[in-house]
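Visitor: Next come the chains, spelled out residue by residue.
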Amino acid sequence: METAALVVVLVIALALFFDFTNGFHDTANAMATPIATGALKPKTAVLLAAVLNLVGAFLSTEVAKTVSGGIVNEADIPHDLLPQLIFAGLIGAITWNMLTWLLGLPSSSSHALFGGLIGATLVGFGLAGINFGVVLSKVVLPALIAPLTAGLIAFAATKVAYGITRRYDGKPDGRSGFRWGQIFTSSMVALAHGTNDAQKTMGVITLALITVGWQTGDPGSEDFHNPEFWVIVACAFTIALGTYLGGWRIIRTLGKGLTEVKPAQGFAAESSTAATILASSAFGFALSTTQVASGSVIGSGLGRRGSVVRWRTAGRIAIGWLLTLPAAAAVGAFAALFVVWFDGWGVAIDAVIALVVIVGLFLRSRKNAVTSANAMSDVAESGHVVDLPDVPGPTRRTSRIELMRALERAERKADEAERAARRAKKLKKAGGTPGEIKAARKAADRAARKYAEAEQASQEWEALSASRRARAQLAEWDLAIDDQEGAR
Amino acid sequence: MTVVIDWGAFFSVFVAALIGAVAVVSLYALGLRMLVRAGRVPVVTPAEFTDAITVLSEKEIRHASKQAAKAARKSPLTAGQRNLAFIAAIGCFVLCGAAVLGGIMIIVIGH
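Taken in sequence, the protein lines are chains A and B.
Heads up, the first sequence is in this note's numbering, so the first residue is 1 and it goes up one at a time.
Heads up, the second sequence is in this note's numbering, so the first residue is 1001 and it goes up one at a time.
Note that these hints are calculated values from the structure, not bench results.
Don't take every hint at face value.
Said to hold, decoys possible - These stretches of chain B come out as covered by chain A in the derived footprint (C-beta under 8 Å, 3 or more residues): (1) 1014-1024; (2) 1032-1043; (3) 1076-1084; (4) 1098-1105.
Fair warning: this is a prediction, and the values are worked out from it, not measured in the lab.
We treat Cβ as the ideally placed atom computed from N, Cα and C, and that holds for glycine.
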């Protein structure tokens, strides 16, 4: 029992460290778009993100209940073995997180955590230890569906934002006002992040506490899997601290990827991210906030006129996401092997591995050499998925309005030309001076020229509507050629 | 082993998030539109020009402010209509905030 208690203490320490790295890693994701559009100063954004992560962690416990009372069949696994497996799982998650961070691969802290837990339980206890129904319905399916949902919602929200504020008279549209709004929507993303991500660590700690009987309450009651208050407070403050200290990366990492995000688009993307995560948290779905935020950035990019998807970049990101869970499971399983082979000594070996990983992470973070390969925000990476034209083509309504204007102008100029020609003829008949006749003829010629120009403009506007599809196709071909050349 | 998947929950999340996000974005955008109509075109400069920001240069901001002032001067609306548009804009922003708070309250109280 003493060994189990000691392991639980180690699990709590390691889980809190994981929580810290989660906040550290995800600050950039929560605050990427408002900084990119200039809605917030980086320092303000980081502080705001930390405070709201703290508040968000207190809002709901549904995700924590999913983690502590659903993924692993804790009743079937021996209570002295489970804390060791959780410990091995956490090592798998942290190691995979660190590896992807160093290699600059897109990853998700949440999926690394679940992968590590699942892998360690599979090796340490077997298939019966995993509740596959909960894993599928609360982890795997939300992981696949949530980024798509967020993308679709962001697409619709971007269309709405641009549609409502669009002006056809060329006067200011006030869209820079979306920067004010971004302060609130990015705050909501930080709040949602605290609500979903801090709870995962709470769930892991609660699961460990249950195994050694430190969890208070009636084991048969529904609220038994609710985290203890001190667990909520510890996780909330740890993720907030990680978020605050992780802020230094933001200033350096946002140079690429999100430069084309406009305030209206960023506002729509953040609204979508926050709404998706908050709604999912209420249902206990353990999402990856990184993936949801990335889905929103891509969806909102596609919501802008003339945008084209770079499928190669999108594919690379998707593969990174799909790999996270099994890869972290493999590392977790490897750590669990030591527990299976050497029991208590196995935990000690794992603890040494954890220490090496943590020290490595610390040393790496001390280095200031930040390149696009190792310090890119995962959300910023998704900014490359959509290619946007510098000047988007006119909307259908603009084309229609311009066509009408050109036709009206052509009609007016035709009238003017006719009037001027009649006047010249009249002057000639009435015996006007040569100067007067010449001037009237010149006016007639000028009006005829203007008429021809207006007529041509109207034809061009008409042709533009028809060629819109063709131009989009050409842009796609250009991108494909760029991709092929890049691959070579 | 039977795996029961609650597809209804996924659908509920999608609908709730869609309604929430689109309502917030629509109300805020409508508020901005009303502000523009009231002759108070917002020209919000970036908080800080980090390397990443290429959205507006100082010259572009001056130009945008000038254009906004010109548009306000040339507004065809009467003073009363402009005041009404301004009140409508504030109303939209307040509703937008209320929608956000309402969403959070549902999550907190619901659990």
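Visitor: Cut-off 8 Å, C-beta pairs, minimum 3 residues; does the coverage of the stretch 1014-1024 of chain B by chain A stand?
Guide: holds (count 8)
Visitor: Are there three or more residues in the stretch 1032-1043 of chain B whose C-beta lies within less than 8 Å of some C-beta in chain A?
Guide: Holds, because 7 residues of the stretch 1032-1043 of chain B bring their Cβ atoms closer than 8 Å to Cβ atoms of chain A.
Visitor: Per the coverage rule (Cβ-Cβ under 8 Å, at least three residues), is the stretch 1098-1105 of chain B covered by chain A?
Guide: holds (count 3)
Visitor: Count the residues of the stretch 1076-1084 of chain B whose Cβ falls closer than 8 Å to any Cβ of chain A, and tell me whether that reaches three.
Guide: Result for this restraint: violated, n = 0.
Hint violations for this structure: number 3 only, all remaining hints satisfied.
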